[in-house]
Amino acid sequence: MVDTVDIVRVLGTVCCVVGIVVAFLVGRRRFSELSSERQVSLGNARVSSAALWKMLAFAGIVIMPLAAVSLANYHTFEAVHEVKACGHCHVMRPMINDMHDAHSQTLAARHFRNGWISQNQCYECHSDYGLSGGLAAKAEGYRHLARYTTHTYSEPIVYRGQFSNDNCLKCHRGKTPFEAVKSHHTVDALLGASTVSCTNCHGLPHPSRAARTPGSPQYAELMRSADE
Amino acid sequence: MSELRPQSWAVMLGLAISLSYILVPGPYEMGAFTFIAQPLLGLAIVSYVIEVVKELRSRGVA
Numbered sequence: 295m296v297d298t299v300d301i302v303r304v305l306g307t308v309c310c311v312v313g314i315v316v317a318f319l320v321g322r323r324r325f326s327e328l329s330s331e332r333q334v335s336l337g338n339a340r341v342s343s344a345a346l347w348k349m350l351a352f353a354g355i356v357i358m359p360l361a362a363v364s365l366a367n368y369h370t371f372e373a374v375h376e377v378k379a380c381g382h383c384h385v386m387r388p389m390i391n392d393m394h395d396a397h398s399q400t401l402a403a404r405h406f407r408n409g410w411i412s413q414n415q416c417y418e419c420h421s422d423y424g425l426s427g428g429l430a431a432k433a434e435g436y437r438h439l440a441r442y443t444t445h446t447y448s449e450p451i452v453y454r455g456q457f458s459n460d461n462c463l464k465c466h467r468g469k470t471p472f473e474a475v476k477s478h479h480t481v482d483a484l485l486g487a488s489t490v491s492c493t494n495c496h497g498l499p500h501p502s503r504a505a506r507t508p509g510s511p512q513y514a515e516l517m518r519s520a521d522e
Numbered sequence: 004m005s006e007l008r009p010q011s012w013a014v015m016l017g018l019a020i021s022l023s024y025i026l027v028p029g030p031y032e033m034g035a036f037t038f039i040a041q042p043l044l045g046l047a048i049v050s051y052v053i054e055v056v057k058e059l060r061s062r063g064v065a
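Protein chains in written order, with our numbering: chain A, 295 to 522; chain B, 4 to 65.
Because the hints were derived from the structure by calculation, they are not lab data. One or more hints might be untrue.
Claimed, not checked - Restricting the straight-line Cα-Cα distance to at most 25 Å, the calculated cross-link-like pairs of lysine to any residue (SDA-like) are:
| no. | chain 1 | residue 1 | chain 2 | residue 2 |
| --- | --- | --- | --- | --- |
| 1 | A | K348 | B | S50 |
| 2 | A | K432 | A | T446 |
| 3 | B | K57 | A | R332 |
| 4 | A | K464 | A | E372 |
| 5 | A | K378 | B | L26 |
| 6 | A | K464 | A | K476 |
| 7 | A | K348 | B | A35 |
| 8 | A | K348 | B | W12 |
| 9 | B | K57 | A | F325 |
| 10 | A | K348 | A | Q333 |
| 11 | A | K378 | B | K57 |
| 12 | A | K348 | B | Q41 |
| 13 | A | K432 | A | Q333 |
| 14 | B | K57 | A | N367 |
| 15 | B | K57 | A | H384 |
| 16 | A | K348 | B | K57 |
| 17 | B | K57 | A | A353 |
| 18 | B | K57 | A | T446 |
| 19 | A | K348 | B | S23 |
| 20 | B | K57 | A | D460 |
| 21 | A | K464 | A | C419 |
| 22 | A | K348 | B | L59 |
| 23 | A | K432 | B | R62 |
| 24 | A | K378 | B | F38 |
| 25 | B | K57 | A | K464 |
| 26 | A | K378 | B | W12 |
| 27 | A | K469 | A | S491 |
| 28 | A | K469 | A | C492 |
| 29 | A | K432 | A | H384 |
| 30 | A | K348 | B | R62 |
| 31 | A | K432 | B | E6 |
| 32 | A | K378 | A | C462 |
| 33 | A | K432 | B | S23 |
| 34 | A | K348 | B | E6 |
| 35 | B | K57 | A | R324 |
| 36 | B | K57 | A | G321 |
| 37 | A | K432 | B | W12 |
| 38 | A | K348 | B | L16 |
Could you put the whole structure together from the sequences, leaning on the hints where they help?
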């Protein structure tokens with residue numbers, strides 16, 4: 295079975311390589327010197343060499359880049375759903391190591407340990423970043439990317455936005471264990487508006503800031519690489 | 004149509020960065036793709052369209 299990501303890699307590579315070659319050829323061509331009279335065979339059709347080069351320019355400068363950007367954005371919007379994609383940024387290691395820790399009591403670790411979320415565990419609780427999320431969440435995602443790649447951040451990282459309870463309620467609301475808790479109904483409107491956070495009562499979702507601060511006793515353990 | 008050299012260079016650079024991101028989707032490749040390659044490719048396309056419109060106008064088509 296071929297994965298979508300492999301198809302994206304093959305098609306993306308073909309688009310980029312063909313695009314680079316065509317753009318190189320188009321860049322060397324002097325369009326003002328092209329003849330409209332000289333005919334070139336193109337399969338069954340015959341076109342002028344000027345028309346042929348203009349079609350090539352359109353393919354190399356418009357079609358191939360658009361195709362390559364669409365394919366590359368598969369990684370941006372789809373492949374980033376995977377936990378390993380989040381793990382590429384080392385500031386995320388504490389969250390991922392803690393999630394895999396069999397003794398941790400954080401919300402992320404309990405969800406993982408009990409198999410409450412079968413795959414894409416990071417994304418399922420942070421789905422605002424995906425295509426379905428709002429513009430503000432996407433702008434936040436780009437800000438995180440810019441801060442990380444330019445090293446303009448400091449540890450421990452701090453979540454600046456407001457976590458939407460919808461990420462929790464999309465699974466929990468309507469389920470018997472959730473509905474059976476009287477206080478959930480008391481604060482239902484506040485939960486819906488994310489005025490009251492689920493974590494107020496259910497504990498930390500990830501290791502505390504103190505634990506993630508460089509120099510803390512837990513820091514080295516939380517930052518260990520997955521290969522160690 | 005005048006020469007398309009700047010557009011071609013922008014496309015080649017943009018596609019080279021895109022290729023690195025497609026093959027190795029790490030954070031730095033993603034940053035380069037998002038903040039360098041996409042704007043470069045966008046700029047190349049817009050500037051190509053401007054050249055095409057200029058040529059069409061000079062021929063009295065547009």
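So, going through the hints one by one against the coordinates:
1. A:K348 with B:S50: Within the cut-off at roughly 15 Å; holds.
2. A:K432 with A:T446: Holds, because 19 Å separates the two Cα atoms, which is no more than 25 Å.
3. B:K57 with A:R332: Within the cut-off at roughly 24 Å; holds.
4. A:K464 with A:E372: Between A:K464 and A:E372 the Cα gap is close to 20 Å, so the pair holds against 25 Å.
5. A:K378 with B:L26: 15 Å, holds
6. A:K464 with A:K476: 19 Å, holds
7. A:K348 with B:A35: 30 Å, violated
8. A:K348 with B:W12: Roughly 17 Å separates the two Cα atoms, so the pair holds.
9. B:K57 with A:F325: 14 Å, holds
10. A:K348 with A:Q333: Cα-Cα ~14 Å, so holds.
11. A:K378 with B:K57: Not OK: A:K378 and B:K57 at ~48 Å, beyond 25 Å, violated.
12. A:K348 with B:Q41: Answer holds: A:K348 to B:Q41 is near 23 Å, not above 25 Å.
13. A:K432 with A:Q333: 50 Å, violated
14. B:K57 with A:N367: 31 Å, violated
15. B:K57 with A:H384: Outside the cut-off at roughly 49 Å; violated.
16. A:K348 with B:K57: 14 Å, holds
17. B:K57 with A:A353: 19 Å, holds
18. B:K57 with A:T446: 43 Å, violated
19. A:K348 with B:S23: 28 Å, violated
20. B:K57 with A:D460: 50 Å, violated
21. A:K464 with A:C419: Distance of about 10 Å is within 25 Å: holds.
22. A:K348 with B:L59: 13 Å, holds
23. A:K432 with B:R62: 44 Å, violated
24. A:K378 with B:F38: Given pair A:K378, B:F38 holds - Cα atoms ~22 Å apart, limit 25 Å.
25. B:K57 with A:K464: Not satisfied, since the Cα-Cα distance of roughly 52 Å exceeds 25 Å.
26. A:K378 with B:W12: 34 Å, violated
27. A:K469 with A:S491: This hinted pair holds, its Cα atoms lying about 19 Å apart.
28. A:K469 with A:C492: With Cα atoms ~16 Å apart, A:K469 and A:C492 stay inside 25 Å; holds.
29. A:K432 with A:H384: 21 Å, holds
30. A:K348 with B:R62: 15 Å, holds
31. A:K432 with B:E6: Between A:K432 and B:E6 the Cα gap is close to 38 Å, so the pair fails against 25 Å, i.e. violated.
32. A:K378 with A:C462: Holds, because 22 Å separates the two Cα atoms, which is no more than 25 Å.
33. A:K432 with B:S23: 23 Å, holds
34. A:K348 with B:E6: Holds, at about 11 Å.
35. B:K57 with A:R324: Holds - the C-alpha atoms of A:R324 and B:K57 are around 17 Å apart, at most 25 Å.
36. B:K57 with A:G321: Judged against 25 Å, a Cα distance of about 18 Å means the pair holds.
37. A:K432 with B:W12: 30 Å, violated
38. A:K348 with B:L16: Holds, because 21 Å separates the two Cα atoms, which is no more than 25 Å.
The earlier numbered hints that this structure contradicts are 7, 11, 13, 14, 15, 18, 19, 20, 23, 25, 26, 31, 37.
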